[in-house]
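J.: Listed here are the chains, written in short residue letters.
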Amino acid sequence: MGVRVLFIVKELEGAEPLGALYVAGCLEQAGHECRFVGTRGHDVADEVRRFQPHVLAYGATTGLHKYYLGLNAELKRRFPRCVSLMGGAHATYYPEVIRAPGLDVVCRGEGEDAAVELCNALARGDDHRFIADLWVKHEGKVVRNPARGLRRDLDAMPFPPRHLLYQWDDALRLRPLKSFTTNRGCPYPCSYCFNPSLVDHYGSEWKKVRIRSPQNVVAELLEVKRQGPLQVIGFRESIFVYSTKWLREFGELYRREIALPYYCHVRADMMSQEMVDVLAWSGCHTVNLGIETANEELANGVLKRNIKMPKLMDGVRRLKKAGIVVFADNILGIPSGTLEDDWATLRMNIDLDVDYAAATLCTPYPGTGIAKFAQDNGYFDGDFDSIDDSYYTDSVIKFRTAAEKRQIENLHKWFAVTAAMPAIAPLVKQLIKLPPNDWFYAVFRAWYWIQHVTDVMPRRPTLQDIKQGLMSVFGLFAGKDPNRYPPPAPEPVEWVDPDPALRPVRKLAVAREAAHV
Amino acid sequence: MSDDERETEQKVRVRRWKRRLKAAAALALAAAAGTFLACTRIERRRTAAPGDRTIKEPPSVTTPDAGADIKDATVDREEHRKGMPVKDNLLE
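Going down the list, the sequences are from chains A and B.
Once you know that position 104 of the first sequence is 104 in our numbering, the rest is easy, because the numbers rise by one and skip nothing.
Once you know that position 69 of the second sequence is 1069 in our numbering, the rest is easy, because the numbers rise by one and skip nothing.
What the hints contain is simulated information worked out from the structure, not anything from laboratory work.
Keep in mind that a hint or two might mislead.
Below are the DMTMM-like pairs computed for lysine to aspartate or glutamate, each with C-alpha atoms no more than 20 Å apart in a straight line [claimed, not checked]:
hint, chain 1, residue 1, chain 2, residue 2
1, B, 1011, A, 277
2, A, 321, B, 1007
3, A, 467, B, 1076
4, B, 1082, A, 329
5, A, 321, B, 1009
6, B, 1022, A, 351
7, B, 1082, A, 389
8, B, 1082, A, 385
9, B, 1082, A, 394
10, B, 1022, A, 353
11, B, 1018, A, 351
12, A, 321, B, 1005
13, B, 1082, A, 409
14, B, 1018, A, 353
15, B, 1011, A, 455
16, A, 480, B, 1079
17, B, 1022, A, 455
18, B, 1018, A, 455
A short, non-exhaustive set of chain A residues, derived as facing chain B with CB atoms under 7 Å [what the hints assert, rightly or not]:
hint, residue
19, 390
20, 417
21, 442
22, 447
23, 474
24, 478
Glycine included, C-beta positions come from ideal geometry on N, C-alpha and C.
Turn these sequences into a full structure, and let the hints steer you where they fit.
T.: Now the structure itself:
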């Protein structure tokens, strides 16, 4: 008999938590029972009382981790026999988060096999401290287990069990956009991305991209299409396509069986004419690519993109000429960059006529090269808890002056709409000198909403969608989140690095059946 | 230039002009939204007692978010500043 695992997800109504779903799929395959719970408008403690999970699972990015740590501390206070498990980006790059009171296990890396091994051990009442990829806290000691090997055959993995989301809220099944992944890994060393940090964890194996077969991908798409309405498909891996041969094979199947517009992430400098032609032919409606900065020195020196600007621009032009919608990512407020650099980046987006010029404020996530650069050069004080769970608010980077910081943060709110309407640029140059205000955030959100539902990921919005979008632009949200608790301060622990030859096999006093009430 | 290429070029041109118009509409919408948000902030200051600090309300369980009716909604400035207005945004 297996254990019960409750996945707690803030904003479950957002994009599908694919990482957690893949873990849940493997757990279900191993005989464990999984459930998902969203936080807005629901008291998670009620669900814990109902479901009586053995394991509370969270997947956290940096910033969001604070929310989960606060909630977890409260849940552990009320249900102390639950084992709490945190995976996701923050736990992978900053496993020291396990010092938070109430947090029992962190999982670094992909998580499927480690979670199965953990739950199997809990089900048998075995010692669960020595499982690869996990850092496990017990009686004040944290065992820091090493990484395990990567699963090479992604086709053998069960499809993400989306029915677990629909069980929680059937409205999620009715969403016209659903997301998928076709590969894992990335060979590029970009310093602002999590991928190089996974190279630190797994070794160079991470750079060898593991790709699902076209047949496997299309089989999943067909299964999801049978479950509910589908208008647009999103592929969310770091880079969708590395091989024109794979894309052609995928495109043939996709056009025959699915024939819906899709979006994907690409690298602009990989966009040969042949690859662009096959993307357009196969049904690609929108690509997301990184321009990031117009300053080639920043792009290669600080962001480590290994990219040539002329090749990037050629790639964007080819995509535009093929009629593909281009959603360009840009990073503002790069450490050692300036406001003038950010204006130059905006001008490049305008010159390339991108359909949506997205911008984020550079955020030095733990474990990333950009965080190290920022700390080593005095642009960031290393306080990762000061990082917000959104890179759309303000910056933690130090700039030349407070005025420059304010202008960069404000430019961020105006960036996308100014790229769409370049005539307002002279006015924006003056507006960004003002203090930050709700009007600037409204500009950001209004344009984001309108352009997303029309050009970037076009869908037939229902009246409900329109109402919700308008309400969010006006800052109106239904349903408070009753799960906000202050995150606890970290506690001292003793670090233990296990000698694999000396792992004891003994049973700890872990109850198989947790009594929660 | 082939017919297909001409057609695509026309499509891209039309998309560009539509983008300008939509951006103008977004600015108008944002002006209204920003004014509304600023007014709620002023209203909150006016109703607060002198010397009171902004105290975070204790969490309260509300009815689930199905339906998202305007009458059930409250201004959540933190959510407005952080999150995305397109809940199923797959690019995040």
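J.: Compare the structure with each hint and give your call.
T.: Status of each hint after checking the structure:
Taking the CA atoms of residue 1011 of chain B and residue 277 of chain A, the gap is near 17 Å; set against the 20 Å cutoff, the hint holds. Of the pairs offered as hints, the one joining residue 321 of chain A and residue 1007 of chain B holds, with about 11 Å between alpha carbons and a cut-off of 20 Å not exceeded. This hinted pair checks out: residue 467 of chain A and residue 1076 of chain B have alpha carbons roughly 16 Å apart, not beyond 20 Å. A hinted pair counts as satisfied when its Cα atoms are at most 20 Å apart, and residue 1082 of chain B with residue 329 of chain A qualifies at roughly 17 Å.
Taking the CA atoms of residue 321 of chain A and residue 1009 of chain B, the gap is about 7 Å. The hint holds against a cut of 20 Å. At roughly 19 Å between alpha-carbon atoms, residue 1022 of chain B and residue 351 of chain A fall within 20 Å of each other, so this suggested pair holds. With a CA separation close to 8 Å, the supplied pair residue 1082 of chain B and residue 389 of chain A stays within the 20 Å bound. A threshold of 20 Å between alpha carbons decides the hint, and for residue 1082 of chain B with residue 385 of chain A the separation of about 16 Å falls inside it, so the pair holds.
About 10 Å separates the Cα atoms of residue 1082 of chain B and residue 394 of chain A, which keeps this hinted pair within 20 Å; it holds. Taking the CA atoms of residue 1022 of chain B and residue 353 of chain A, the gap is about 15 Å. The hint holds against a cut of 20 Å. Pair hint residue 1018 of chain B plus residue 351 of chain A holds up; C-alpha atoms about 17 Å apart against a cutoff of 20 Å. For the proposed pair residue 321 of chain A and residue 1005 of chain B, the alpha carbon gap of about 8 Å is at most 20 Å, so the pair holds.
Only pairs whose Cα atoms come within 20 Å are accepted, and residue 1082 of chain B paired with residue 409 of chain A is accepted, the gap being roughly 13 Å. For the hint linking residue 1018 of chain B to residue 353 of chain A, the alpha-carbon distance of about 13 Å falls within 20 Å, and the restraint holds. Restraint check for residue 1011 of chain B and residue 455 of chain A: satisfied, since their Cα atoms lie roughly 12 Å apart, inside the 20 Å limit. As the CA atoms of residue 480 of chain A and residue 1079 of chain B are separated by approximately 10 Å, the hinted pair is consistent with the 20 Å bound.
About 10 Å separates the Cα atoms of residue 1022 of chain B and residue 455 of chain A, which keeps this hinted pair within 20 Å; it holds. Taking the CA atoms of residue 1018 of chain B and residue 455 of chain A, the gap is near 10 Å; set against the 20 Å cutoff, the hint holds. The restraint placing residue 390 of chain A at the interface with chain B holds, with a minimum CB-CB distance near 4 Å, inside the 7 Å limit. Annotation: residue 417 of chain A was flagged as interfacial toward chain B, and the flag holds, the nearest CB pair being 5 Å apart, inside 7 Å.
With its C-beta approaching chain B no nearer than about 4 Å, residue 442 of chain A sits inside the 7 Å limit, and its interface hint holds. Proximity of residue 447 of chain A to chain B holds as hinted, the smallest CB-CB distance being about 4 Å (cut-off 7 Å). Hint status for residue 474 of chain A: holds, given a least beta-carbon distance of 5 Å to chain B, under 7 Å. Look at residue 478 of chain A: its Cβ gets to within about 4 Å of chain B, closer than 7 Å, so that hint holds up.
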